[in-house]
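Enquirer: Starting from the given sequences, assemble the full structure and let the hints guide the process.
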Amino acid sequence: MNKVLDHLSKNWIEYGFQTFVVVVSILIAFSLDAWYEQRQSLKSEVKILKELRADLQANYIELSSIRDSLESRKLTVDSAIHSIKNDLPFRPDLFRFLTRPGGGLFNSANTAYKLIESGGLNLLSNDSLRIGITTMYETDFANIHRRQDNLWTFYENQVHDLRLDLFEVSDGENIPRSNSKYIEPKDPEALRQNLRFKNVLVTIFGETNGRIVFLGRTLEKLKLLIQQTEEEIRNLEA
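Here the sequence shown stands for residues 4 to 241, numbered as in our numbering.
No lab work stands behind these hints: they were computed from the structure.
The structure presented is a predicted model; accordingly, all values stated were derived computationally and were not measured.
Treat the hints with care, since some could be wrong.
[As the list claims (entries may be wrong)] No more than 20 angstroms apart at the CA atoms, straight line, and that leaves these computed lysine to aspartate or glutamate pairs for EDC-like:
1. 46 with 240
2. 224 with 65
3. 201 with 81
4. 224 with 54
5. 224 with 234
6. 189 with 168
Expert: Here it is in structure tokens:
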């Protein structure tokens, strides 16, 4: 009887040790799998963040260029208003801004939109950064497009016909940027007295200034998002 118990006791110890080894091996395998999946997830997140950073930087450069162009246009419109108010002679290229809204068209369609639409941004572990980027593309950039479209609509509905009535379009051979067109008043004195035209100039000035202000705010947000994205990349790669 004692021999039987001794034999069973030895077997239990052996079986217990084998079971322990198997359990530990399984746990190690699970841990390695979890570690590998985490590393792969981090690599994917860093890749997405770098793509987003490139998009944000490209958008920043483009919007900065548009703002600079609008600043120049604002000065020109202000000069036109000043010339009318003070009976000053009109430069040949002064009213060129009436041909189109100016500032360029902002094209924000890029990788970030695809990530938002596909749910790819959900891979970002930083909730604040994910919300900030989503808001930038779905709200701030949408407002830029809306203001842009509104000004184009205003030109089509209010400026186009007025320009045809009051101005002659000429080739710009004797002025800077000779590959463009410029327009000159058919009757400068009548133009100075045209109330509708004055109101159009004031509206263009106000809309242009509004776009400049909004772009300035958006650029500040973009700059901060770029900094936050770069910081997140550094943290994940550390």
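Enquirer: With reference to the structure, classify each hint as holding or not holding.
Expert: We went through each hint and held it up to the structure:
1. The hinted pair formed by residue 46 and residue 240 meets the criterion: a straight-line CA distance of about 9 angstroms does not exceed 20 angstroms.
2. A C-alpha spacing of about 14 angstroms is found between residue 224 and residue 65, which places the hinted pair at or below 20 angstroms, so the restraint holds.
3. Of the pairs offered as hints, the one joining residue 201 and residue 81 holds, with about 11 angstroms between alpha carbons and a cut-off of 20 angstroms not exceeded.
4. This hinted pair checks out: residue 224 and residue 54 have alpha carbons roughly 18 angstroms apart, not beyond 20 angstroms.
5. Restraint check for residue 224 and residue 234: the C-alpha separation of about 15 angstroms stays at or below 20 angstroms, so the hint holds.
6. With a CA separation close to 8 angstroms, the supplied pair residue 189 and residue 168 stays within the 20 angstroms bound.
No hint from the list above goes unmet by this structure.
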